[in-house]
Each structure stands twice: as structure tokens, then as C-alpha cells.
Amino acid sequence: MWVIVGFVIVLYIFYRLYQHFFPTPNINPNGKYVLISGCDSGFGHALAIELDKQGFNVLAGVLVPDNVTSLKEKLSSRATVFCLDITKEEDIDAAFALVNEKTKVLHALVNNAGIGMSGHIDWISMAVMRKVMDVNYFGHVAMTKKFLPLLIAKRDSRVVNICSILGFVALASGSAYCASKYALESFSDCLRREMVPWGLRVSIIEPGFMQTPIIKGSGKSFAEFWSQLSNDVQERWGEDFLKAGFVIIRNNPLLKYAEDPMKVVRALQHAVMNTVPHIRYRPGWQSSLVFFPISRSPAWIADWLLIWLALSAKGFSKPFIGATQGPAATTDVYIHQCLSKLLSFINEHHVHDDYVFWPDFASSHYARETTEWLIQHNIKFISKEVNPQKVPKAQPIEDF
2 MWVIVGFVIV LYIFYRLYQH FFPTPNINPN GKYVLISGCD SGFGHALAIE LDKQGFNVLA
62 GVLVPDNVTS LKEKLSSRAT VFCLDITKEE DIDAAFALVN EKTKVLHALV NNAGIGMSGH
122 IDWISMAVMR KVMDVNYFGH VAMTKKFLPL LIAKRDSRVV NICSILGFVA LASGSAYCAS
182 KYALESFSDC LRREMVPWGL RVSIIEPGFM QTPIIKGSGK SFAEFWSQLS NDVQERWGED
242 FLKAGFVIIR NNPLLKYAED PMKVVRALQH AVMNTVPHIR YRPGWQSSLV FFPISRSPAW
302 IADWLLIWLA LSAKGFSKPF IGATQGPAAT TDVYIHQCLS KLLSFINEHH VHDDYVFWPD
362 FASSHYARET TEWLIQHNIK FISKEVNPQK VPKAQPIEDF
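Numbered per the working numbering, the sequence shown spans residues 2 to 401.
I should point out that these hints are in silico values taken from the structure, not numbers from a laboratory. Watch out, some of these pointers could steer you wrong.
Each computed SDA-like pair below joins lysine to any residue, with the alpha-carbon atoms no more than 25 Å apart [what the hints assert, rightly or not]:
1. 103 with 132
2. 73 with 55
3. 89 with 29
4. 105 with 31
5. 146 with 214
6. 264 with 239
7. 147 with 264
8. 105 with 200
9. 89 with 55
10. 105 with 183
11. 132 with 73
12. 105 with 153
13. 264 with 278
14. 105 with 151
15. 105 with 67
Pairwise CB distance ranges (calculated) [to be verified]:
16. 99 with 157: 17 to 25 Å
17. 99 with 297: 29 to 37 Å
18. 9 with 233: 48 to 56 Å
19. 27 with 103: 39 to 47 Å
Each residue gets a CB set at the ideal place from its N, CA and C atoms; glycine is no exception.
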């Protein structure tokens, strides 16, 4: 068994070395048209510039009209920049008419446009859920279906879909975004298998967290969704959870050490330019070394690893876990351990007649449950509502 596994590993290493030292050639870009959506910023913007330098006829769609002129100034006269909202059928029809006038054969369609929203399921309205799906999934489906006749007009044309690690690993607070990327992954696999008779190639790009506007705006959407919640939902989650969420966004290593977006652009270039594009690209260490192995792990291991990654943020409060389980402090592992430790100390030192100073009684997210626990175990306590001078004698509880 281990001999076979070792042989497969060695064979794979030799295969990757062969790919590295003897790469497949690139195509001749002369006369070839590439349509890219979402060229306002990020991957699409950089890819349009790079492909234009290589000699392709770039057809760049931008969402904001003001970006048409600014992008044109960075491209050659071969390029065409136009307004394109992939969620609007009339925009897609107009784009098709424009492209169809220039060429009857489209070498590549790069579905790049996308938006990111960070918030928990009961934070996000159905309108936001639909908006994310419209842009990140249905818009790309509509673009692909519309331009399919121009793509299959010649063999070896290709569709390149920018997905994400969140298309095969789902993170908490990413339900809308993850669902849209999972859908695009499935659509891409179906498209690739269905288009085999016409020789259409389909590539999927699965980057990790990159230094793009979507990542930089994640904290903003988190705060916006919170501000729009009803009082009962805010009370259920608690302000401790909100504060901890900002700590994660600010200090989580995956976000803090987001990678160079040019890694994705280089993968996109290969998918567009190479004679044998890969089916999947996982640019960067996060995608290939962290999230892909997690995606192949048993669900319970993946859950544990993803929670650990979230909790690894510096300055993160352990009671955050309890906040995700509602206000019941006794169901929180960390709080329960602390209270058990307190009870052991009291029993061991026979200090049942002393008081426990519970300073956060009035404001703590766990006040009610902790108070009930203290009463249940006949432990006297005071809170900050009571004068600390009334404590008969202070008994320090170390490491508590």
C-alpha cells in the first residue's frame, strides 16, 4: 500500500518538475479577442493591461462610466473599453452587438466581475443574498450563454471563471459569497464537460485572500449589516460578538497577510494564453497549502481547523465562542471551565463564607447565566453595583 502511495507521490513530483522545466507554449495573440468583465479595479483591471501588452485585442467591460476613460488611457488603440453591468440583460445584449461587429470568433471570455459581502445568515437580507448571486453567479451564466456562439466558433477557445477558495471551503459569515462561488464552481465543471465536442476549454481560478478592494471592504460590510439589524437580533448576538468580529477582521492572519494579486493575474494570463490551460489554478500559498488540504479533510476536522484559524487572531477573546452560542454561558466551554475552576478552588480552600467579586455582573454578556450558576452552588457574590468595601476579606483566585 505505502509503496503505491510513494510511487504516486514521486510520479506527481516528476510531472510537476517536467511542467516547470518544459512548459507548454503560448498561442500567437495576433488577431485574437479577449472579453473581460469587471475591469474597474483588481484582477480584471490588471489583466486587461497585461493582455494588451502581449498583443491581444482586449474587450474590457467596466461598471462605472467614469472608469471607461481612465482605463482607455492605459491601453493601446487595439483595446475597446465599454460600460457593462452583467446583471442587466440590456447591457449584455449591447456588449454582444459590440463584440459581434468586431469579430465572429472570441478567443476567451474572462468572467471576473464580483462583489463580496461579509455577514452572518440572519444578518443578511434576502435582497443582499440575491444581489450577490446575481453578480457572482447569474451574471456570469448570462454572459457565458450569450457569448457561447462566438466561443465555439473555433476550437481551443476558452472560458475563464474567477472563483475562490470559498468555492470549496465555506467560512462563517460568508454564506452569500460562498454560495455564489460554490454555484460558479459547479457551473464551470458542467460547462467544461458539456462543451467537449466543440473543444471549448474551461478554467477555474481559485485564489485565497488577496490584497483587493473586496478584502479591504470586508470590515465595512460587517459593520453595515450589524447597524441594520433589529434590536432583538443584536441582543441575541451581543456586542461582545461584534467587537470580536472586528478583531478577527483586523488581525486574522489570512486577512492580515493577504497575498499579492499579481499571483492571480499570472494564473489568468496562463489560462488565456497557454495552448494547454489548466482546469484549475490555485495561486498563492493560502489556496494550495491551507484551504485545499482543509477541503479534503473530514468535515469535523475542517470545522475545527477553520474555527482555529478564526480564533488565531491576536487579541481575540475566548468568550467569543460563547457569544456564537447565544447568552447561555454555561454552554460555553471556556466559561464553563472557569466556573468549574472557581468551584474547585472554593472547595479546596474551604472559603464558602467568602464572597466572589463579579465585576461585570451588570454589563457582561454572560451575567444572567453566571449569576444563576453562583446561586445554584451557594456561592456568595457581589457585583460592581455593590460597594467592594463590603467584602469581608479578599481571597485572590490565581489564573482565573
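Hints versus structure:
no.: 1; hint: 103 with 132; in the structure: violated, 32 Å
no.: 2; hint: 73 with 55; in the structure: holds, 16 Å
no.: 3; hint: 89 with 29; in the structure: violated, 33 Å
no.: 4; hint: 105 with 31; in the structure: holds, 15 Å
no.: 5; hint: 146 with 214; in the structure: violated, 28 Å
no.: 6; hint: 264 with 239; in the structure: violated, 39 Å
no.: 7; hint: 147 with 264; in the structure: violated, 29 Å
no.: 8; hint: 105 with 200; in the structure: holds, 17 Å
no.: 9; hint: 89 with 55; in the structure: violated, 31 Å
no.: 10; hint: 105 with 183; in the structure: violated, 32 Å
no.: 11; hint: 132 with 73; in the structure: violated, 29 Å
no.: 12; hint: 105 with 153; in the structure: holds, 10 Å
no.: 13; hint: 264 with 278; in the structure: holds, 16 Å
no.: 14; hint: 105 with 151; in the structure: holds, 6 Å
no.: 15; hint: 105 with 67; in the structure: violated, 29 Å
no.: 16; hint: 99 with 157: 17 to 25 Å; in the structure: holds, 24 Å
no.: 17; hint: 99 with 297: 29 to 37 Å; in the structure: violated, 43 Å
no.: 18; hint: 9 with 233: 48 to 56 Å; in the structure: holds, 55 Å
no.: 19; hint: 27 with 103: 39 to 47 Å; in the structure: violated, 23 Å
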